[in-house]
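Residue numbers (the working numbering), protein chains in the order written: chain A, 1 to 372; chain B, 1 to 372.
Honestly, I wouldn't trust all of these hints.
Pairs count within a copy or across copies, as identical chains cannot be separated in the list.
Simulated pairs of lysine-lysine, DSS-like, Cα-Cα distance not exceeding 25 angstroms [as the list claims (entries may be wrong)]:
#	residue 1	residue 2
1	297	160
2	118	273
3	273	158
4	321	297
5	297	368
6	297	273
What the hints contain is simulated information worked out from the structure, not anything from laboratory work.
There are 2 protein chains.
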Amino acid sequence: MKINQQYYRSIWLHPQDKKVVQIIDQRSLPHAFVIRDVKTVAEGVYAIKEMLVRGAPLIGAMAAYSMYLATLEAHQQQVADVAAFLQQAATNLLASRPTAVNLHWAVQRQQAAIGLAKSIDEKMTVALQTAQDICEEDVEICRMIGVHGLPLLTAISKQKKGDTVNILTHCNAGWIATVDWGTATSPIYQAHEKGIKVHVWVDETRPRNQGARLTAWELAEHGVPHTVIVDNAGGHLMQHGLVDICIVGTDRTTYTGDVANKIGTYLKALAAKDNGVPFYVALPSTTIDWQMRDGLKEIPIEQRRASEVTHIQGLHEGEIKQVQLTPTNSAAANFAFDVTPARLVTGLITERGICAASEQGIASLFPKTTLA
Amino acid sequence: MKINQQYYRSIWLHPQDKKVVQIIDQRSLPHAFVIRDVKTVAEGVYAIKEMLVRGAPLIGAMAAYSMYLATLEAHQQQVADVAAFLQQAATNLLASRPTAVNLHWAVQRQQAAIGLAKSIDEKMTVALQTAQDICEEDVEICRMIGVHGLPLLTAISKQKKGDTVNILTHCNAGWIATVDWGTATSPIYQAHEKGIKVHVWVDETRPRNQGARLTAWELAEHGVPHTVIVDNAGGHLMQHGLVDICIVGTDRTTYTGDVANKIGTYLKALAAKDNGVPFYVALPSTTIDWQMRDGLKEIPIEQRRASEVTHIQGLHEGEIKQVQLTPTNSAAANFAFDVTPARLVTGLITERGICAASEQGIASLFPKTTLA
């Protein structure tokens, strides 16, 4: 997608040095656009853990590239037990964020691919190829999510006789959360490119404000009309007919259709249900967890630092500063995700089409025989 | 209630100069405790409009004292047409905030009382007395809300065999929103004083963070255990049995039980309903609007400055600073309240007892014949 009129992806191999992966450091957005080099698996773990990169698909891509960097390190350091070294790299990556299923999927795919390769040279080659494949596949998957989601927006536009289609989204399931296009944003970008009038209500998404910082930023850079709102506002907007459709992403979806996504998603789904607003979840099938039946009981919910709640970062006189929001002697809790039960989800927009958020619905698009 | 071991109210007449009203400037809380003098009706309007004071009952008290200050000004300036001067003061006060019904009620009560007084001296005396009466009545009303709400918490405590009662509240309906005790907090403070173990989940309440700044501050100062959470978290907590009861305040409640309160209240009410968590609204009967039947259609919802969404204030190296959260070229919308339909409200806790959030329920405690 475009940043200041130029095309970018969210992760890429350094054009002059294929031992270096480059990413956009999302921590300083929207106030500063900083590109960082990632050269080791430790730096990859750090990038995921400290959320220089975030969003399930991009975490997967970062993990895949990190496994490639691990093979380079094993080679450079001439480690004796390459298998053990790579296993440790995988373990460290898997421990970096607990909720995103893509992380597991990407690391396991790399381990399988690298495991088949005999020499360290071969391992490096296959690891790079796998990382690049994962990225290319992600771009294509996200593009296809847009292709399948677009008719939802076209239909609303027609129904409103060309009037603006108002879409509410939560957190950032934009292109900066994937390699390109985004998940929830892919239908929006494709509608915008087709000249359909769209307007996005962007939930700011406390505590880390991925909506206010990232979704707003990427929509602004790409020229899509949008308005930032606090997370509290969506219910009111839906009560007053100001939202035509909700589209969000997901970090993990059970094979029964329960959706783990950024904390607060559940509240928006409740409001959508209460007001008859369609609530869609856009997802690559890689975020489907084929082992989990009951999202509420089974999906682990990450608890992060209290300081993400008690403090916030923003721009003050040209500099990025952190300010304290709460009294010094007040505790804070920070649950990062919640689970929206399948019953509140109108449909899942996947790379293979739209299906009901149910075991049957998901199986209709992804029969077991077609899964890798 | 206590601040740093000392008893305070939120508004009082200057102990040495009865021509001056004193308030706690809530804008700098919790980082600085600043007491301000209010000497003119213009300063009273400013205090309400700029939210030095906020919360429906305290706005009413501030407006009542401001009408008293208006009589002092009329006297000092020897205005020719006292009635017109006071009418202008009332008009300015009524225009300062659109949603709180107490503002209207307090101004009208003052106008009626002042109108009956003949001389300007008499007007000053009656205006001061009325302002003080309104404050004393508010304290007693809030105390009684606590008396009636307390058994709800006692019952949960018994049911949990003395384990901590977890209460979720939104915004600040604490003593700093009233003259003393608070509305939603009154049962909590009274339970705490009786030795019942309570713990409050404090919604931070974006955009103005009245929860994180004010509710957390007053609970901390008074020694009540609490944890600040982002507004997105309450649904997750309720899904996991971590909330025993929700208690919120209201800025205006229709005589049919629809509740206007800080934006986001509706979302918590939906989550409470979905998880079988009781959802109570604590209110003085002065916040009941006897003219309005349909809260969603009729209650005017204030839209405030976008800068309250795009910027936030906090403490940075000992100084209160504002930081920008959003991209410079992103718009923001700022709806200040939403309406929770009566069907989502378990009950109303009033100074006369608890009733159903319905026309019949409200009429059972407040029959028309008993209303002033």
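To see whether the hints hold, each was checked on the structure:
{"no.": "1", "hint": "297 x 160", "verdict": "between (40 angstroms within a copy, 22 angstroms between copies)"}
{"no.": "2", "hint": "118 x 273", "verdict": "neither (54 angstroms within a copy, 58 angstroms between copies)"}
{"no.": "3", "hint": "273 x 158", "verdict": "within (23 angstroms within a copy, 35 angstroms between copies)"}
{"no.": "4", "hint": "321 x 297", "verdict": "neither (38 angstroms within a copy, 42 angstroms between copies)"}
{"no.": "5", "hint": "297 x 368", "verdict": "within (24 angstroms within a copy, 50 angstroms between copies)"}
{"no.": "6", "hint": "297 x 273", "verdict": "both (22 angstroms within a copy, 20 angstroms between copies)"}
Comparing the model with each earlier hint shows violations of hints 2 and 4; every other hint is respected.
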